[in-house]
Amino acid sequence: MNVLEVTGLTKSFGGLFANSNIDMSFEKNSITAVIGPNGAGKTTFFNMITGVYKPTSGEIVLNGKSLVGLKPDAVAKQGIARTFQNIRLFNQIPVLENVLVGMHTHLHANWLSVLLNLPQVKREEKAAQREAYRLLEYVGLADLLNENAGNLSYGAQRRLEIARAIATKPSVLLLDEPAAGMNPKETKELTKLIHTLRHELDITVILIEHDMKLVMEISDQIFVLDHGEKIAEGKPYEIRNNPKVIEAYLGKGAVALA
Amino acid sequence: MWTEVIQTLPQVVIDGLTLGAVYAVIAIGYTMVYGILELINFAHGEVFMTGAFIGTAILLTFSGIGWLAMMPAVVVLIIVLIATSILTGFLGMGIERVAYRPLRNAPKLITLITAIGISFLLQDIIRFIAEIKKGNYIVTGPEIFTNKIKLDASSILPQFQDASFKSTFLVVIIVAIIMMIGLDFFVNRTKWGMAMRAVAQDRDTAALMTINVNKVISVTFFVGSALGGATGVLFAIQYGTIDPYIGFILGIKAFTAAVLGGIGNIRGAMVGGMLLGMLEMFAAANLTGLTGGVFGAEYKDVFAFIILIVVLIFKPEGLFGKAVIEKV
Amino acid sequence: MKKFITILLTNRTAQLVLFLVYVVVTTASLYLAEKSVVAFLLLLLSILILYFLKIKTPLKWVIGLLILGVLLPVSASQGPSYQSYMEVATLVGIYVAMALGLNIVVGLAGLLDLGFVAFFAVGAYTYGIFATGQAANFMPFGTYPLSGESFWVFLLIGCFVAALFGILLGIPVLRVKGDYLAIVTLGFGEIIRIVFNNMDKPVNITNGSMGLASIAPPRIFGIDLMFPNQFYYVVLVMVILVIYAVRTLEHSKIGRSWKAVRENEIAAQAMGVPLVKTKLTAFAIGASFSGMMGVVFAAKQTFVDPTSFTLLESTTILVMVVLGGMGSLPGVILGAAVVTILNLQVLTEISNWMNQLNINGVLSIPDALSPVKMQRFIFGALLIVFALYRSKGLIPAKNRKYDPEQLKQTKGKNSKFLFLSKEKLKAYEGRENL
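Chains as they are written, first to last, in the working numbering: chain Z, -1 to 256; chain L, 26 to 353; chain Y, 21 to 454.
Calculated from the structure, these hints are not laboratory results. We put the beta carbon where it would ideally sit given N, CA and C, even for glycine. A few of these clues could be false.
Some chain L residues judged to face chain Y by a derived CB distance under 7 Å, without partners named [said to hold, decoys possible]:
1) I90
2) G91
3) A94
4) M95
5) M96
6) I135
7) L137
8) L146
9) E156
10) I157
11) V327
12) I334
13) L337
14) E342
Covered stretches of chain L (in silico footprint by chain Y; criterion: 3 or more residues with CB under 8 Å from a CB of chain Y, positions within the stretch not fixed) [stated by the list, open to error]:
15) 256 to 265
16) 276 to 285
Work out the full structure, taking the sequences as your base and the hints as a guide.
Listed below in structure tokens is the structure:
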């Protein structure tokens, strides 16, 4: 069953086509990797799914509902969460509160109920804090709950972004280069985390990644983009030997060598 | 009603061009700094105001020691312009060094706050210097170029009323045009200008190309502030009486002009300035008539602000700017 | 000596005792030497000291209220300077509330509003128009001026009208990029002032530059409140309410969404925080505090005109927030107190003192440099110095500390909210931590 379907997705900036006519579908609880050389349009793809860019044409359907034209906060409400290539945390507030922000759409307090200090608001807040703490435990950041997010180490910050994204209770989790800058040990832990959360938390994962080892190990399917177009799709072993893919990354000469 | 509009048109055009020229050159200062640092230099209006005061001070000194009567007005003008521009240029450069450079990596909010602080500081420093020297912070300078010229507009079209203007109008326009052409040449045809454009586009790459980014930024501030200060002198000559608070409102309007033309775009700032000056004079002359007495000329400032808000909402890149898409 | 200080810093009782001695001494000196501005200020300073003491918060509140509610007014009441002291204290209260409002916009949500005084003006004029005969010029029904008893209702009305203006201003303006927001809000502040200054034709709504005079003072139980010492209590209660409101909002989902927008707009949006709505809420709530205080101001001064609502006012409030500490509740309160007292008392005192020196021929400082006139210079210098060297303010904002022990309890069985269900919980609790 496809939880997310993308058809004919195109984005042009002036005359430049960042994405041309992309078709992709994502099965429930699958892990898909979107790869391609720099400038291939991968982040543009993510940005269109999450509503940061409006597609020039094409369709994005999540659980039967179209996401085209929705603003990013509405998209998040529909069930898509993401992390960012250049980490975007709320640096001056504590780790726990970063995760609490992720729960925004699931909390029902408004300014009036807050000011009146209604009991259901207090209950909701308590439950949310406990939930956030559990999420921190899940990614291994529980002792840092009161640290300012900006003070965390790089690897911890990436994990916090994931915890925050999970807090939105998404159906689909988009990870934009989650392993960038990580050492092998950290990458191993990340791999384990992604593996477990897809079933434990009932999430479909899509990731953009350059770390081929991670990609090959973890993906159920791989889509390859180059110059805005999808040039290949398939299982990891199929992609590994696909001449078009090799050419895209290494150039024509490399194909002959492969 | 429309006949009145047409009748006053020549005068409106002349007044509009004068004001517009002032806006245009000040707007250039705002746009240059924003292009290179993405910072609204709130203090720029005050640099203009300081220029007006320095120029007036020099003129008063000259008239005091009798030089004013001796030398031809043009020579006096050139001396005052050059001296004032150099001084205000250094002032602007100094402000950047002391207040903006240390905050280059701080959140934008903090830098804006510093800029406001400098704005206030300058206003008060000039105020008490003026009060100490002259007993009042409103200062009137000696008049040079006192001829009044009449424009025989009625001979062009019978519906036009004759307009009159002081010869200072010609001075302001000519000097402003010279400055704008000079700047355009500097930015587009010289090495420094190219360096400025490079730093504005991509600071890191420019640094990699061995451009001394700090020096370029300093030069940008110097040039922008020098021009602003010179415009202050022109303003003082044109309107005669100045006070320490002229920079504030004028600054906002000049900034509106910069936004109208497209922030970061120098030619756009020039066009924006002229356009805004004309629109404002038109509004001042005709608002009462057009709105049947509901809104009078006092609303001309509101008019400028509304233009700013409208542009920022509907076309934030201005007339000539390019829409900037933030990288996510 | 060192041992004494260490004891002082840690031992609660020692602190409390010393503090109480301080309060008694300053109260007594104010009572006896009534003209002593120093004693007055020192007594106010006790509140700041109270903040830093290591005693329980409820106790701090009780003591604080006792000092502000009883000790201060009573000890200041002996002698002619009574009303002027209360006047200062009342104005401090008004500015504290306004600064807290601006703090929501600038400190919590990170939106630089340079035209904040516009909402103050809106509130003041709202009450002023209806509490003088002005409204008769355009209202088709009702008799004006309304009596002072309507003041209490107008507190709420002023709140809402200002919030409405905040929303109206915000809707177009908040889509604009951060840097521009500052200039646009500045422009709006000026627009309001110009509009109020000219709204006397064709229909006379605001009486233009002449302002509104003889505004009805508040009336309660048949008594008109005309004196600063009476207003003092009104303002004190309002400030307490405002502090309560700000604290609850800050530590709720709303406060978090403001801070998220301030820290990283794009990430906030991606987490489901609606940008425009969040910013509008900040604007509206901040504006409502300002509007409410505008009503108080109008009723207290019984006269309003456009000259009270200039850019200098907006900047003054901004200085309070920056000086005190952006985003910091105690900081902003301190900032507001410091700046108001500086403006009202300290500068005048220094000016008088310098005048004395002038007369006695000791120093001759020209009038142009008199501290009262040097407001802009001082504010400008303060802004620059603090922005450059202490951008976090006098009392930097402190984040909340969460207690992990409290958070570990999982007895939230009624929480249908649990993402990780009971089974999954057990599943990973047994797992090795990453």
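How the hints compare with the structure:
1. I90: 24 Å, violated
2. G91: 28 Å, violated
3. A94: Since the shortest Cβ distance to chain Y is 30 Å, the answer is violated.
4. M95: Given a least distance of 33 Å, the restraint on L:M95 is violated.
5. M96: 32 Å, violated
6. I135: 5 Å, holds
7. L137: 5 Å, holds
8. L146: 3 Å, holds
9. E156: Check passed: Cβ of L:E156 comes within 3 Å of chain Y, closer than 7 Å.
10. I157: 5 Å, holds
11. V327: At about 5 Å, which falls below the 7 Å cut-off, the nearest Cβ of chain Y leaves the hint on L:V327 intact, so it holds.
12. I334: Status holds, d = 6 Å.
13. L337: Where the cut-off is 7 Å and the nearest Cβ of chain Y is about 5 Å from L:L337, the hint holds.
14. E342: Violated, about 11 Å.
15. 256 to 265: violated (count 0)
16. 276 to 285: holds (count 3)
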